[in-house]
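The task is simple: from the sequences and hints, build the whole structure.
Chains as they are written, first to last, in numbering that gives the first Met the number 0: chain A, 0 to 342; chain B, 0 to 143.
Quick caveat, the hints were computed from the structure, so don't treat them as lab data.
Please note: incorrect hints may appear among the correct ones.
Quick look at which bits of chain B chain A covers, simulated, 3 or more residues with Cβ under 8 Å [stated by the list, open to error]:
(1) 71 to 77
(2) 90 to 96
(3) 106 to 115
(4) 128 to 138
Straight-line C-alpha distance at most 20 Å; calculated SDA-like pairs for lysine to any residue [said to hold, decoys possible]:
(5) B:138 <-> A:258
(6) B:139 <-> B:60
(7) B:59 <-> A:263
Predicted, not measured: the structure shown is a model, and the values here were computed from it.
Beta carbons: idealized from backbone N, C-alpha and C, even for Gly.
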Amino acid sequence: MINIQDIRDTARDMLAKGEVRAVIGYRRGSRGMLAEPAFITDPAQADDLVWDPTCFHNLSLYLVEDRKFLTHVRKTANAPIAIVTKGCDARSIVVLLQEHYFKREDVYIIGVSCEGTGVVDERKLAPHLNGFQASNAAFDGDDFVFITAEGEKRLPAREVMADRCLECRIPFPKEHNAVFGEDKTGRQLAEPFAALTRFETQGTAERWDFWSHHFDRCIRCFACRSVCPMCYCEECVVDSITFPVTTETTAEDKANRIRWIERSAVRSENITYLMTRAMHLAGRCTDCGECERACPVNVPIRLLNNKMEREAREQFGFEPGASIGGPSLVASFLDNDPGDFIR
Amino acid sequence: MSDQQNYEPRIVAFLCKWCSSAGSDLAGVSRIQYPANATPITVPCTGAISPMYILSAFNKGADGVLVSGCHIGDCHYIEGNYLARRKMHLIMQLIEFIGVEPNRFRMSWVSAAEGAKFAQVITNFVDDLQPLGPQDKLKKAERV
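So this is what it looks like as structure tokens:
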């Protein structure tokens, strides 16, 4: 059982001693039960921090934002940033460290174990609340307890938990400076990749029907890209912002510049965008599931990333975010990589 | 003749400069007969092929995409084809996963001395693509 007061005390102490310049964590948000990211610089505000089943954000995104900001203002960090992380978020940080996006000493990882549970999926929760909005959510052993206008509502966690948490293999931040909660690695709430395995039993035609439906619906809002800590490229392949346009640039040059993917939200372009994204995340995605949660039209983006993750795991024995010094998936190889498909 | 018989698949072939491109040259100078459906694009190494190229080729209307390079161990850049093998495996799995026919993507190792093998690879690929018909799943929609 995690005592939130421990996290608050750690945050307060570190801020008061000046060991960190900020603490990124979760606080009560302005909409119902939902937590929101909190950026705390004043020790007195450390008591705002919360830890509950609605802490789904992958906060490592803000380390990336901070790094980008510092580069922009040409400053170097004088102290690390402390960050509250779940298992999946900590693995994201490991991948960022692996790619030398920032240094290990620039970040102080306050790991929080998800223990036997995980975060709630609002879409699964909605039908259980009889139309009421929950104003508070809390962990309680294997249950989640929600407070609504009707009173207290206790639900088994597995019924309303996000799929990614059910399928999570390592619900514990291995890379950490401080850690709270018990390491319950090996808890089996659902088979890893259960949703993917279910999906893959279908034939080619059914799979295409499913995906063409979803690719048609994508509105290209790029929420998945914005929310992903791994999508940190200065220039995305989708929007060639650095195409230099000068007075010398002719209309023909502008018309003929390479556009890998057009911006219009039509199926063929959406496919290219989402597949490219899946490829770019292969071996880097730690399955924090934020892209799928952020998607306003519920495109099952996690399935694509899961597919790549499982392929990497089964064919190449690769585990994303396993260690900081480890190789990257597509920049390394083994002599016995599968090659049967090659004629 | 029916449309099926008239249909000629369009293949985009990414050939590595050191082996397969030379292999296709050998097929040509040896006067080996093979279908003219493939449009070759020479790249420095198969390891330089981004999965984006393959998606893009399908997006621009290719019916099939072939990636061909040096045999394992023979890469001019020592390890380029090892890296390609991994990347191409992943993109192949992904294409298959979303429900595109797996036969639309192919990879082969053709050395500079294997003109006959190159002709064979193209012939087989065309034979496999014929029954699938035009690829319109990933193809950019015509402007109306």
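Against which earlier hints does the structure fall short, listed by number upward?
Violated: hint 1 alone.
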